[in-house]
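J.: Single-letter residue listing:
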Amino acid sequence: MEELLEILNDLDPDIDYTTEKNLIDGKCLDSLTILTLITEICNTFDISIGPKWMRNENFNSAEAMWNMICAIKDEE
Amino acid sequence: MVENVIEYLQRCAKLFPSKKAVAYRDRAVTFEELNDFAMRFGAAVKRALDGRTGVPVGVLCDRDVLPVIAFFGVLYSGNFYVPLDPDAPSEKLESIAADCGMSVIIGSAEQSGVLEKISFSGAFVTPESLTDDKCPYPVSAGGESPLYMVYTSGSTGKPKGVLKSHGAEISFIEAYCETFDFTEDDIIGNQTPFFFDAAAKDIYLMVKMGITLEIIPSEYFPLPPELINYLNLKKITFASWVPTVLSIVSQLNPFSVIKPETLKKVFFVGEVMPMKHLNTWRRELPHVQYVNLYGQSELCGVCCYYEVKGDFPDDATLPMGRPLKNCEIYIVSDGEVVKEADRIGEMYIVSDALATEYYNDPAKTAGSFIEKDFGRGAVRCFKTGDLAKYDGEGNLVFASRSDFQIKHMGHRIELGEIEAVAGALPVISRCCCIYDAERKKIKLFCELPDGCEIKDSEIRSMLKTKLSSYMVPGKVIIMDKLPLNPNGKIDRQKLKNL
Chain H
166 MEELLEILND
176 LDPDIDYTTE
186 KNLIDGKCLD
196 SLTILTLITE
206 ICNTFDISIG
216 PKWMRNENFN
226 SAEAMWNMIC
236 AIKDEE
Chain L
2 MVENVIEYLQ
12 RCAKLFPSKK
22 AVAYRDRAVT
32 FEELNDFAMR
42 FGAAVKRALD
52 GRTGVPVGVL
62 CDRDVLPVIA
72 FFGVLYSGNF
82 YVPLDPDAPS
92 EKLESIAADC
102 GMSVIIGSAE
112 QSGVLEKISF
122 SGAFVTPESL
132 TDDKCPYPVS
142 AGGESPLYMV
152 YTSGSTGKPK
162 GVLKSHGAEI
172 SFIEAYCETF
182 DFTEDDIIGN
192 QTPFFFDAAA
202 KDIYLMVKMG
212 ITLEIIPSEY
222 FPLPPELINY
232 LNLKKITFAS
242 WVPTVLSIVS
252 QLNPFSVIKP
262 ETLKKVFFVG
272 EVMPMKHLNT
282 WRRELPHVQY
292 VNLYGQSELC
302 GVCCYYEVKG
312 DFPDDATLPM
322 GRPLKNCEIY
332 IVSDGEVVKE
342 ADRIGEMYIV
352 SDALATEYYN
362 DPAKTAGSFI
372 EKDFGRGAVR
382 CFKTGDLAKY
392 DGEGNLVFAS
402 RSDFQIKHMG
412 HRIELGEIEA
422 VAGALPVISR
432 CCCIYDAERK
442 KIKLFCELPD
452 GCEIKDSEIR
462 SMLKTKLSSY
472 MVPGKVIIMD
482 KLPLNPNGKI
492 DRQKLKNL
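Which chain is which? The protein sequence lines are H and L, in order.
Note that the first sequence covers residues 166 to 241 in this note's numbering.
Note that the second sequence covers residues 2 to 499 in this note's numbering.
Next comes chain H alone, as it looks inside the complex (with noise of 0.2 Å):
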């Protein structure tokens, strides 16, 4: 979770990740910043993000984010 936080504050410091549940639908990641971030997630983690994972409810808060990366290194 620590390196997933570093890579969310990486990409707009001003945001609260640990306490901001509304990230998509509330607008504050933009299409660019999503892109950014999936690709940093699959580099960090070594996972791919296949498009059933891209939902706006696994993307709305860090805890969503960390959950679908558990799920997805589960499921490979």
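Honestly, the hints are just simulated from the structure, not real lab data.
Only a predicted model underlies this, so the values are computations on that prediction, with no experimental measurement involved.
Possibly wrong hints are sitting among the right ones.
[As the list claims (entries may be wrong)] Computed Cβ-Cβ distance ranges for the label pairs, DEER-style:
(1) L:361 to H:208: 48 to 58 Å
(2) H:186 to L:342: 55 to 65 Å
(3) H:208 to L:379: 57 to 67 Å
(4) L:145 to H:191: 43 to 53 Å
(5) H:207 to L:363: 51 to 61 Å
(6) H:213 to L:329: 46 to 56 Å
(7) L:499 to H:167: 23 to 33 Å
We put the beta carbon where it would ideally sit given N, CA and C, even for glycine.
Chain H is already provided as a structure; the job is to place chain L on it using the hints.
T.: Coordinates of chain L only, in the frame set by chain H:
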């Protein structure tokens, strides 16, 4: 011959009264309702202006149906609209309102806070202030009348207003519809916020053809499967989007799971579409028509188009193509009009769709909208500042800018504007803005005054209060000394290579 865009709306209200005109989520208005609401807004604006005409009226543009109704309302009142980004920094909104002497702004009641922040003392017209009064068709508004004004990035740090007329928009939209096979059964999937110039294409296509305009909620854009699902739900047939959005879709390639089922036309405009990503779209959706558009804020719509046909390698650059029927384009090098292939020169546009002026700036207008003889007598043209050439097939091909203007996420940005704003911060003594086109990142390199200690993130936070979000540098790099070239100027090339 149509002289005023209101005639398009009135025709739609008559031919398709109960057809959905513009929709956002579960809110929608039919063409009859759009016309009716616009006339009522027109009456409210007229009351607020004591009957004055030909003056700018601001419209706060959230993603919603309201701005579209308000635009036509302003036109019914015999005035012109200035689309405003409600999330823009207060200083920018204040500067725009002051520059054009805006005395009326339209918005929703929830947006009244925006006006308090900018100390706006004029009238605020909301849907709640409407009565049953309706404004009739403005008989005095002919083709020369101003239609709307957009503010674009200016190199001095101050945004500049570009004023466009009814006649210019009509010239563009007629040529656009003659060139491309739109029908009233099409459904537009709007991506561009209404405070950007590029959104006007969607709005006037809607009323010219009687096409439904679906505003796609912004939270669907970051994740492509969600976006495509929404396109299918709304049966979108036409998308004119910035390449960044299309590239993100192809980079995250959702097509193995979900494909757009109703999409027939994909146009891209505002920046260069990377061929690699376009090839992914073309492989997955070969039946779709793909068109590269090129335009400038100084004219209505676009002036060139290139329909993508045949095979292109991933590293190919798409041509800008050929002029629309209402435009002539000339490339000029060393004072000569270029006719041969591969000779680079500056591009000039001659068209009825050209903007009227830079508002209240006759010197700048005279510098960019000039009289020039291209071999058949002097004509009014726009000096684009873009360098271009012809390819072997007679297509125009973009070469580069002749100054420091860039395209980022579809927005035209003067790096000089960012430098001017950043340079005015007391914590920065000198700065230089560079665009990393490969990573699509704006970088600001800066020197601090002696003894000043500040973090890069703090500088970014300061810039966020002064610049529109798409102009805020993605990275701020603090340096002891900026590198200089032999002429003593900041060495941009060196910074680019860092």
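J.: Holds or violated: 23 to 33 Å for the Cβ distance of residue 499 (chain L) and residue 167 (chain H)?
T.: 29 Å, holds
J.: Range hint 48 to 58 Å: satisfied by the CB atoms of residue 361 (chain L) and residue 208 (chain H)?
T.: About 51 Å separates the Cβ atoms of residue 361 (chain L) and residue 208 (chain H), which means 48 to 58 Å holds.
J.: Could you see if the CB distance from residue 213 (chain H) to residue 329 (chain L) stays within 46 to 56 Å?
T.: 50 Å, holds
J.: Do the beta carbons of residue 186 (chain H) and residue 342 (chain L) sit within 55 to 65 Å of each other?
T.: Holds: the Cβ-Cβ distance is about 57 Å, inside 55 to 65 Å.
J.: Given the hint of 57 to 67 Å, check if residue 208 (chain H) and residue 379 (chain L) actually sit that far apart at their C-beta atoms.
T.: 58 Å, holds
J.: Is 43 to 53 Å a correct range for the gap between the Cβ atoms of residue 145 (chain L) and residue 191 (chain H)?
T.: 44 Å, holds
J.: Okay, residue 207 (chain H) versus residue 363 (chain L) on CB: inside 51 to 61 Å?
T.: 54 Å, holds
No hint from the list above goes unmet by this structure.
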